[in-house]
Each structure stands twice: as structure tokens, then as C-alpha cells.
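Respectively, the protein sequence lines represent chains P and Z.
Going by numbering that gives the first Met the number 0, the first residue of the first sequence is number 0, and it counts up by one from there.
Going by numbering that gives the first Met the number 0, the first residue of the second sequence is number 0, and it counts up by one from there.
Rather than coming from a laboratory, the hints here were simulated on the basis of the structure.
A couple of the hints might just be wrong.
Claimed, not checked - With the C-beta cut set under 8 Å, the calculated list includes, among others, these residues of chain Z facing chain P:
#1 91
#2 290
#3 348
Heads up, the beta-carbon is just placed ideally off N, CA and C, and yes, glycines get one too.
Residues per chain, in single letters:
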Amino acid sequence: MNGVNDFAFKIGTVNGTGSASANGLLMQAIFRMGIPVSGKNIFPSNIQGLPTWYEIRVSKDGYMARPSEVDLVVALNPATYAKDVATVREGGFLLYDSSWPLPKELERDGIQILGIPFGRLCVQNFEGDRERTLLRNIAYAGALTALLGIDMAVVEKLLEETYGKKPKLLASNHTAIRLGREYAEQHFECPLPFRLERMDATGGSILIDGNTACALGALYAGATVGAWYPITPATSLMEAFKAFCEKYRVDASTGERRYCILQAEDELAAAGIVIGAGWAGARAFTNTSGPGISLMQEFIGLAYYTDIPAVFFDIQRCGPATGMPTRTQQADLVSLAYASHGDTRHPILFPANPREAFEMAVQAFDLADRLQTPLFVATDLDIGMNDWMVDRFEWDDSYRPDRGKVLDAADLEKLKRFSRYLDVDGDGIAARTLPGVGGKGAYFVRGSGHDKHAAYTEDSDAYIEVVDRLRRKFAHAATLVPRPAYTLRAGAEIGLVTLGGCDAAVREAADLLAAQEIPVDVMRIRAFPFPEEVREFIESHERVFVVEQNRDAQLRSLLTIELGIAPERLTPILDYGGMPLTARVVVDSVVRHVGGVPA
Amino acid sequence: MTSIVKPPVRHPSLRTNALGLTLRDYEGVMSTLCAGCGHDSVTAALVQAAWELELEPHRAAKMSGIGCSSKTTAYFMKQSHGFNSVHGRMPSVTTGAAAANRGLTYIGISGDGDSLSIGLGQMCHAIRRNVDMLYVIENNGVYGLTKGQFSASADVGSTSKRGEANEQAPIDPVLLALSIGATFVARSFSGDKKQLVPILKAGLSHKGLALVDVISPCVTFNDHDGSTKSYKYTRDHEVEAVEADYVPVHLEITLPERAAPSDGGGELHVVPMHDGSAVRLRATAAGYDPTDRASAYAHVRACQARGEVATGLLFIDPASRDMHDQLRTTAAPLVDLPFESLCPGAAALDALMKRHR
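The shape of chain P in the complex, shown without the other chains (with noise of 0.2 Å):
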């Protein structure tokens, strides 16, 4: 990194006190200069008053992870210095709020340190204590213009877009620019040395974070019914769906609502409305994290048990219990794969980004009803809350629901008798009926012991019937969800098999590890369950590595349960922190495991 449009910024704030929209007026500035950039978001389980931190990439080559290393350090928060001084690299830079004399943790060898005094600055221009810490992240951005090399057209045009109808704000705005920027044009050399150049790389993509896309998927689908828990980092999925339903779903003359959200009392409830919502023939679907899907283990049980399409968007986040809110993790593998009492199997599916999880939004849709089963969509924090450049989405209109096996009055007509369970095509799932049909259709959905004509049993030969037919259903799942997706290298010996976020860090590791002459081989895994050709890779690489982001190789012990490979074939590289993985760590393990030496 470090060089013209190869770096990697940070940005330590005080949350509650408005640097978002200067982060974002810079990540979108850079986007439109046509530069592939991206960021994450290092923010704390708080409104206000604790350290957050946003880091931006810049790479022509288009790599999307976390930076292994940071360029420039803006530190504007004194309870951070300290942390924030030592994560410069070796040659970069610090830039500081000089308003206040340098603090001592800030000293440091090695490293190149400006001070501007964003704070005097604003209370010399602007009134008030709320305009003038807002304004101050404004400024720090004017500042970020001139020593990066930001295209002030593209600043100006954003301003406009943002506050062309606030001529108050807009100028204040403009003058906070201003006053950072020519702060440092008067002196610092400017730009640094890494600076940003306009490229045309990026006019087919847009910005867009995860939960908005799978909102999307959900909308484009055609799920009515949402229902939620408001949980970190899930809630923003709702919120989306919300707006989205409120644009396209009400009817402008009498303002009917073709949707239905219900914030539920608990992940309990929310799970239940859209079963219950299922059963009835809406597409539904309630988006939660771990705590949630802690909570309803129970209702997925009876979903699977009782065959009803269900839409469950887990948005990882980092740990147990309580956990770390507000970092990401991929550690709810196994919860998922296995929710609930009794012999459970779920299908899910692992997007890598945005883009892939609006399309597989919508594939959700269609495989729960396909399979009429609860379905999961496993993204996390890093995907579902931080903006990601990623391709355009794309609507193909002739689009059409797959309902699944779903029987009307006329179909029933010419049944002899309708049993609800009874596996007539061989791939374990049985047609239903939608509550409402009439003539034969009725049927009693219970979690109890049922038979295949849905009545009660406590037969031993009928109930393995039925959970022998689940096994069925869900090996043919098996040929209907995704495949894996690969990155493949000429004479690669070393395979790397991963999932969902990691995904971008790996594939760049795999770039880095072939420019030190160790090719590999990329697959990542896009759904559970494994279709069959994940063993294919597996057997046919002579050392496999496998890269997740939790501590107990929750995937690799998938792997090992399901397609019943050995352990000791496959080599966990875990990162588990809560933070997005770095490129850094898959390159270093990987190089430590063939007996190198970590650069």
C-alpha cells in the first residue's frame, strides 16, 4: 500500500457528535472520483460519548477488506491517542486537533505528525456548541481534501446533493471545508505522499451496506409480512424494508399498505408471526442476531417439524450472551445449521456482500417455499452495516415466485384424499394447502407426533415416516441451493475454503500468497447445506486450509459432521477479534503453516 490510490486511512472520533456524514461525505467523494473505496465502521454499543473509529481503503486493484495497515491516523479523540498514535504504520502520518498543545501519547518516533486546530478554527467561525462540534468533523474532511487530493467538484456537488434545499446549512458547510482545507494548503505539503488520482473504476458499482440489501431482496421478492425485534446490527434490515414498503408499497389514492410490519415484544413473537404468516401463504421473513436466534430455537423447530416456509436474516454479530454488539463474527454456523431440539437441519445461505445478499434475498424466498422449511440468510455486522462498493443490482422482470408444491381448490378436486405429509415426487416435500382452500384441504398442523396424513401419532413407524422424509427433503436441498464460488490458481496444492465476509481478505490473500509463489486455491462456501462438490475441492487439494471468523472452527466442524471428513485435514485459520479479517492474517497463517516466515 502507500502509494496513489493504494492507502488506507483512519479516523478516531467521539460518537454522538456527528462524524458520520464527514466520513461518509469522504468515502463518497473518493467512490465518485471513480477509485474503488471502502469502509468500516468501528463503532461502539453506544449513543454517546465513546470512542468510535472509521477506517477508509482506497485500491486501485479493487481489494475490499480491511486494510492490514493504516496510512494516516486523524485522531480527534483524547481518550484514544494512545491506541490511535501506535496504529500508524511505520512512515505515515498523524494528524491531531492542535487547538491544545501536543499531548504527550500522541509523541511519537517514526512517524509524521500534523496539528491542525480544527476546534479553534470552528468557535472562531461558528456559533454555538452544537454547530461548532458538528462542523468540526466538516472540517477535518475539508482538511483530508487538500492532503489526499480530493476533487473539490466532486466535495461541492455532494454538499449540494446533501444540502441544496438548506442554503443555512450548505454554507456552512462549505465554509468548514474551507477552513480545513486551505488550514492545510497553507501548512503542510499537500497532497502526502499516497494521494488519491481519479480512475474510471468504479462507474458500474454503487455503495451499498448488506442490511439495505437484503431489505431489498425481501421487497423484490415479494415478502409482505416482516417481523422483527429491534437487536444490533439487525435492526437497520427493518428500517430498510420499512422505507422501501412505504415508497413503492401504498397506494397513492387511498393509502392502503400492500405490507404488513409488526414490531414484535420479543425474537419469540417475531418468529411466530412469521410462521404463523407462512402457514397462510405470505412470503415472510423477520431479521435478528445470535440473542434472537437464541430466543427462537424453539418456533424453528416447529417450523421444520411442520414443513412452513420461513425467512430468518441473521445478522452475525460477536460473541455469546450479551457479546460484543457492535463487532462482527461469523459464529452462529452451527446454531443455525442445527437450531433447535430434537434431529434439526436447516439450510442457510452465506452472501460475501451486498450484492450477493440481495440476490440471495431473494433466492431465500424461493427455497423456503421450495423446500417449506425455515430458511436462513447468514450475513454479518462487517456486511449487513458498512457500505460496500459492489456491482450494480440487477431485476430481471420476467421474475416469477417459486411458490413451491402448493395445491388450489382445482388441484384438490382431483385428488382422491389430501395428505399433508405424503411424499409423492420422491424429493421429500409434499404438497400443501393454504388455509382458506376449502373441499379436502384442511389439515391440522401440530408439533406433536404427526403421520404423514398429518394426524397425531405416537407410532413408532409413523413418525420415522415423516423425519426419514425430512432427512429426504434436506439432502435434496443440497442440489438447490448455491454453489461455491472459486478463485483458482495453476498448479495450487494449498486449498482455502471459506465463507460469507471473509471472502474478500481471502481472495486478496490469495493474490499475496501467489506473488510469494505459493499458489492457492479459492472456494467459498455459499450455502449449508454442502453441495456435493465441496469434498470434490477438499479431496483433491493435498492441504486445505479453512478460514472463519470464530473460535471454535464452527464450519470446519460442518464439514467434518456432514460430508464426514477427516479433521485433520482441514487446517482452521480463526479470527475472531470482532473486527473484519485482514488479508494480513490468512497470508501470515498460511505462510507459517508451509514452514515460511510470516513477511
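With the hints as your guide, set chain Z onto chain P.
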């Protein structure tokens, strides 16, 4: 819950309703509850109410949780879809179903364990949302299926069959429902079909959640002298507040008004239901106003203080706005909406993508 199918033998002289259906057409499989269980009387009252209301069986959905009470959804209306969910969670499943398809009549059957202990939160929030459903609590003060533990509705001083006295204050679903804004609150007794059937009919016609608490004695674990939910105790201590006389709209037009209740007292309230029919309420106590929440609450409390159980239709809000009214959901059930009206399409997505540049 073994399914014992009743023989389809039909006496030719059985009366039919306007749909051409007999009472037998509203029955379900044979009950496997204990002989003499109050719940079976509630089932019979539901069969009667649905038949009299001319409910199309396939346009109703029977919802329940877990427990003896929740088993009863199998014992009526076998032509309806049924959903026996998990313990205490009938309200959320019904909420979801009602959200998806507002065109069906939802009959929720629960018990005091199901609704007042494990499912207390769900019941309260279904009431707050005012889900359009009949919500029957078959209340016997005891856990029957697990053989006789006290439930949250057991009265202080009530003794179990083994002689153990309950020390904890009971949760009264009627008082609770009144306090959190329920729009229809009634109480009855499983052994009083004359009172129960009109209440169930009124509840089925109410727009919003109609809570009907039915004292339904458990013959096996809670029908002895120390119990306050026994047949004898309830018969001796029941006080009827309002007699409900449900008159379907077309009968009201063609038939002369029914005679006033035999006890004669009190003023008559005619409360219009959303389907155009009317429920007629006769207060036994002079001045009892079933549309006044505060006086309903006071009446139930006063009865309680005298050791009496207030029954009848205790409260009704004629201006009830159900969940869909509050959410302004489209009149057509969501499940019936064509996909084209739900998916904004490629052009809208393209426009949206520009906002993410």
C-alpha cells in the same frame, strides 16, 4: 390427542343452517379429554355458535398452543385448517396468519397455563395489537396434562388435590385485558351454554380481539371442595353482569324481537358489530354500562371482593380498530395480492441504484 374419527352417520331430521350444514358438520374428531371435562362443553358451545352464525368452516382457522385446552381445536370444525403450535405462542402465530390473510375467521383456544404463565406476554401483545380473532381461555386453575400443578389463575387459598394451598395471587385475565385496552372482554362458565353461546357468537363477530375467559373445571385435578374453579364453586358464586343476546342481521329483519331475558332487570344495550349484525346486552345490575371500561373493571373487582365471579359480556368497545385498521393494511388479504403489485421492477431498481452512487 389421538384422532378418533366420528362415524359419519347423520340423522335425516337434523336441522340445517342457511349454508345447508348441520351441527354435525361443525364437529371435529372425538375428544380424548377426561369424561366430564369442562373443555368439551366449550367445544360444544363453539360448534353451536359457529353453526348458528353460519360460518363457512373452510373460512375459519383454529389456533392453539399446548395443553388440554389447546387439544380441543381438533374436536370442532374438521373442515377448517388448524394450527396446534408451541406452548404459550398461539397469539403470535395467529397474529402472523391474520397479518397474511385477513379474510379468515381466527378462533384461538388457549388455557390458563398457556396464556397466563408461559404465554402471558404474547397474550397481552395480541390484545394490544387488537388482532381480529376470538381468544378463548379455557380456565381451570390447574395444569391438567402434567397432572395437577397450580396455574397462575389459581386463587389464594385454593387447594390442590393433594391438599397443598396456593399462596400466590392469581392473574385474572379479565382484569388484565381490561387494563391493557382489550376491546371485547367476557367471562362465562363452561356449564352455562345458554350464556356462553351468545358470547362466543358476539366474540366471533367482533372486529378485533375478543377475549372470552371461560371457567372450565378440571374434573380430574381441580373439581373438589377446596378448589375455587370447581363446578360447585363456580355455580354458587357466579354473578352475571350482562346477558348477551346475539341476533344475526338477517334474522333481526325477518323475525320479531326476542323476549327480554327472564330476569327482566336493567337496561338494554344494542351494540352494532362490524358485519352489520347487533349484539344485545342486558345488564342485570341497573346502570351497568358494558361500553365503559372503568365501570366494567370496578364491577369485576367488586364481585371479586364478594367472592363472586363476574360473568357475561363485561366490556365492548364498539369503535374497536383492529390491527389492520391501525396499520392501514390493504382491504384485500396480503396473500391475494398479485406479485406485480409487490415488486417494483427493474426500472425502479435502476433509479434506486443511482441514489447509491
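Hints, verified against the model:
1. 91: holds (3 Å)
2. 290: violated (28 Å)
3. 348: holds (5 Å)
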